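In order, the protein sequence lines correspond to chains F and Z.
For the first sequence, my numbering begins at 1 and goes up steadily by one.
For the second sequence, my numbering begins at 1001 and goes up steadily by one.
For the record, the hints were derived by calculation from the structure and aren't laboratory data.
Quick caveat, the model's predicted, so the values are computed rather than measured.
Treat the hints with caution; some may be incorrect.
Below, a list of computed lysine-lysine pairs in the BS3-like style, where the Cα atoms sit at most 27 Å apart [what the hints assert, rightly or not]:
id, chain 1, residue 1, chain 2, residue 2
1, Z, Lys1073, Z, Lys1047
2, Z, Lys1522, Z, Lys1461
3, Z, Lys1554, F, Lys196
4, F, Lys196, Z, Lys1233
5, Z, Lys1073, F, Lys195
6, Z, Lys1063, Z, Lys1174
7, F, Lys165, F, Lys81
8, Z, Lys1063, F, Lys48
9, Z, Lys1529, F, Lys24
10, Z, Lys1562, F, Lys16
11, Z, Lys1522, F, Lys24
12, Z, Lys1262, F, Lys189
13, F, Lys16, Z, Lys1174
14, Z, Lys1287, F, Lys16
15, Z, Lys1529, F, Lys16
16, Z, Lys1210, F, Lys189
17, Z, Lys1174, Z, Lys1233
18, Z, Lys1262, F, Lys16
19, F, Lys165, F, Lys86
20, Z, Lys1063, Z, Lys1316
21, Z, Lys1136, F, Lys189
Examples of chain Z residues toward chain F, derived with CB under 10 Å [unchecked claim]:
id, residue
22, Ile1045
23, Phe1048
24, Pro1065
Where a beta carbon is used, it is the ideal one built from N, C-alpha and C, also for glycine.
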Amino acid sequence: MNIAVCIKQVPDTETKVRVSGDKKWIEEGEINFILNPYDELAVEEGLKIAEAHSGEVTVLSLGPDRITSAIRSALAMGANKAIHIKTDKNPLDPMATAEALAQVLREGNYDLILLGKQAIDDDHQQIGPILSEKLGIPAANVVTKLEVSADKITAERQIEGGFEKIECALPAIVTTQRGLNEPRYASLKGIMAAKKIQIEEKIVTVPDDKIEILEINYPPEKPPGKIVGEGADAVPELIRLLKEEAKVIS
Amino acid sequence: MTDKNGHPSFFKSLFSGFFLEELVFPYPHMDKEEEENLNLIRDTIRKFCESYVDSPKFDREEKFPEDVINGMKELGLFGIVIPEEYGGFGLSTTAYVKILEEVAGFDGSMALIIGAHQSIGLKGLLLYGTEEQKQKYLPKLATGEMLAAYGLTEPGAGSDAAGIKTRAVRDEKKGVYVLNGNKMWITNGGIADFFTIFAKEEIDIPGEGKKDKISAFIVTREMGVQSGKKEEKMGIRATSTAELILENVEVPIENLLGERGKGFKVAMEILNTGRVGLAGGNIGGSKTALKYILNHVKERHQFGRPLISFEIIREKVAQIALRIFVAESMVYLTTSLIDRENIDFSLETAMCKVYSTDTLLINTNDCLQMAGGIGYSREYPYEQWVRDARINPIFEGTNEIMRIFTALSGIQERGEYLKKIGKALSDPIKGFGLLTDYAMHYMKNRLTKERIPDVHPTLAKAKADFEEWAKNLHITAERILVRYGKHIIKKQIIQYRIADAAIDLFGMIASISRVDDCIRIKGEENCHKMITLCNTFCGQAWRRVRRNLLMIDKNDDDQLLKITEFITEDEEYRV
């Protein structure tokens, strides 16, 4: 089985992100980048399916030079091949990114395309569905359980208040959600073996972004706590404020 | 200025007034590919530790779970420094020490299990093993199928390692050595299967007769090594520290490690490299404690303000950051010296060990202090960190021994040179060249300035202070050598001051080089934090150096020793 996993490099959740001066992006200088955690689930699932169906896993990622470390993480987990998609400009619109990915995916003749349900940086959640449209194949989104046979998949998806079980023919796209699996740790052996794999580079022209980032802003600061007073005397005032100001009790 | 093999030593040279620029400038960089690998390894360790390593639990239960050790084996953490041809990963010392730093940030015991295995347990095999020995043991050690331990210390031989009593008797007929004796405080002692053991054997030396000499041996568990019960310790409670009992253990002659009678050298060489791993681990411990306390001092309010708004707390936080920065600068300069090979790094590793372990104890203790009553509570990690830190200035060469070693090696270097000058003076014609050289050197301010490269202007003051006080260290070393001659060996308080001055100077030059390099690559505007750290440390350091060197001439040492005399005689405090 020929499996493709689309991955993205994102800022580490523990990194303190600073908005850049022009408010159009973030300061990348001191950021630690990681493999998007949802994509990690996709890599793990790909590896498991490949192990069970004697398949091969190719990871694809689009972005600047720094993303090779995310590609190496996926290779270190056990992926067999990697393609670094280089573009003339860095798309910020998922439509443009999906178009670039689709161009490369078409050449690969993949039976199954896996990717995280969303990237934890821009949170668009669009790549999977757009790819489905562009490649003309079915997509199962937000999948928490997946069974793969030679020509079809059965997937359990998270929906509001429950689960939905669906089936579709291969080739297909699956976007992965937490609970699907427990991603493996890359061992030193995997890491050292990954360094011997040549990352293939493909240069692709991307269409212009159709959306524009106007501004990136921090969430509003939490107002500071208020000390009403001390001891029992303060209780009536506290109750009044909880009722009238905070409106958490009635 | 070089060791017996002709390898240059930065600090021995500095004691002699020479600045070997190429050993410290430019600040070393990791190979790019290895750095990428290292980042992946760190990610893996972080994920693994967050899921499986419960440091407070391991401490409470005084046990490091076997399944976690098995997980570490699967990750490959026991084969980091073993070359690839023997089934390991062949990473550099720098990468290895950075891995230890990462691990120690999660759990001190875990770092020690890895460190006792690779920094010292199997290091002798790597350094002195024959091809057959390596083929036989390294693949098993790399996977962790065999865990290693280092067996030197004995009940009667701690700092005085040459005083070991374990005997090895060579039985040529059986083709074995028979080993008898006890080894104390052996890290991994209860769980290891592979031991580097030091024992004395009688060797017939031509012209000298029979003499007891130390030899090193590879001993494995199934040869009959017994372990005593796990020691109950103040800190690093999860490690298996145990006594080893060797009772008529028969070790095949081919398991001799290195040459017969040269075991002491093997033991010291292992520790010379091994102790830098400890230094690196200690940096990880300091970083974790700092991260944790920062959260506390920001959240905790007293007098209506967060703790971090009070100057004395701010000072403590800054000092911890400074110590971490300097320890990093020293340690990763030193690991690169080890990786470059053919460099004598024995003084540098000793100084790293002293600085990094002393400061871990200060740092964790300061964090505990800032946390106040919470710090003392067993519900919080501070007290465990202090307990875990406490062993570090003691083992792998006490910090007292490390300081004495640093001072005496430095002074000795000067002594060797002066001896040559002395000889030259007795035969002026033959020694003319040497004398001219000496005179020239003497005239040129001794510390030849032109060898120290220009650094970025923001560091110029720090560099000038380094030059001045490095020169003073060199002059002082020579002066006390002339004053005390061979009696310098007994002057331990002076040695201590010399060593502390040397450590500060090492911290200065390592930081200057590191920041100069940072500015060159990233530009001044992106190195402000480092520039501030470096200049602040250098300002503190040269003043300490000045005080230490001044106190060599003006001190109350005699009075101090007199106090010890009457207190000791009274056997209690009675005045």
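For each hint, the structure was consulted:
1. Straight-line distance between C-alpha atoms of Z:Lys1073 and Z:Lys1047 comes to about 15 Å, which keeps the hinted pair within the 27 Å bound.
2. As the CA atoms of Z:Lys1522 and Z:Lys1461 are separated by approximately 21 Å, the hinted pair is consistent with the 27 Å bound.
3. Restraint check: the Cα-Cα separation between Z:Lys1554 and F:Lys196 comes to about 62 Å, which exceeds 27 Å; the hinted pair is violated.
4. For the suggested pair F:Lys196 and Z:Lys1233, the alpha carbons sit about 45 Å apart, so the restraint of at most 27 Å is broken.
5. Proximity of Z:Lys1073 to F:Lys195 is assessed by CA-CA distance (about 21 Å); at most 27 Å being required, the pair is judged to hold.
6. Among the hinted pairs, Z:Lys1063 with Z:Lys1174 is inconsistent with the structure: their alpha-carbon atoms are about 40 Å apart, more than 27 Å.
7. For the proposed pair F:Lys165 and F:Lys81, the alpha carbon gap of about 31 Å is over 27 Å, so the pair is violated.
8. Only pairs whose Cα atoms come within 27 Å are accepted, and Z:Lys1063 paired with F:Lys48 is rejected, the gap being roughly 34 Å.
9. A distance of roughly 26 Å separates the Cα atoms of Z:Lys1529 and F:Lys24; the hinted pair therefore holds under the 27 Å criterion.
10. Note on Z:Lys1562 and F:Lys16: the hinted pairing is violated, with a Cα-Cα distance of about 57 Å set against a maximum of 27 Å.
11. At most 27 Å may separate the alpha-carbon atoms for a hinted pair to count; Z:Lys1522 and F:Lys24 meet this at roughly 23 Å.
12. Proposed proximity of Z:Lys1262 and F:Lys189 is contradicted: the alpha carbons are some 36 Å apart, above 27 Å.
13. Restraint check: the Cα-Cα separation between F:Lys16 and Z:Lys1174 comes to about 67 Å, which exceeds 27 Å; the hinted pair is violated.
14. With a C-alpha separation of about 17 Å, the suggested pair Z:Lys1287 and F:Lys16 falls inside the 27 Å cut-off, and the hint holds.
15. About 16 Å separates the Cα atoms of Z:Lys1529 and F:Lys16, which keeps this hinted pair within 27 Å; it holds.
16. Under the criterion of a C-alpha separation no larger than 27 Å, the hint pairing Z:Lys1210 with F:Lys189 is inconsistent with the structure, at around 50 Å.
17. In summary, the hint linking Z:Lys1174 to Z:Lys1233 is not supported, as the alpha carbons are separated by about 41 Å, beyond the 27 Å threshold.
18. A C-alpha spacing of about 54 Å is found between Z:Lys1262 and F:Lys16, which places the hinted pair above 27 Å, so the restraint is violated.
19. For the hint linking F:Lys165 to F:Lys86, the alpha-carbon distance of about 37 Å lies beyond 27 Å, and the restraint is violated.
20. Only pairs whose Cα atoms come within 27 Å are accepted, and Z:Lys1063 paired with Z:Lys1316 is rejected, the gap being roughly 33 Å.
21. Taken as a hint, the Z:Lys1136 and F:Lys189 pair is honoured in the structure, with Cα atoms around 21 Å apart against an allowance of 27 Å.
22. A hinted interface residue such as Z:Ile1045 counts as satisfied when its beta carbon comes closer than 10 Å to some beta carbon of chain F; here the least separation is about 9 Å, so the hint holds.
23. Annotation: interface hint on Z:Phe1048 holds; nearest CB of chain F at approximately 5 Å, less than 10 Å.
24. Interface hint at Z:Pro1065: violated, since its Cβ lies 17 Å from the closest Cβ of chain F, which is beyond the 10 Å cut-off.
The structure does not agree with the numbered hints 3, 4, 6, 7, 8, 10, 12, 13, 16, 17, 18, 19, 20, 24 stated previously, though it agrees with the rest.
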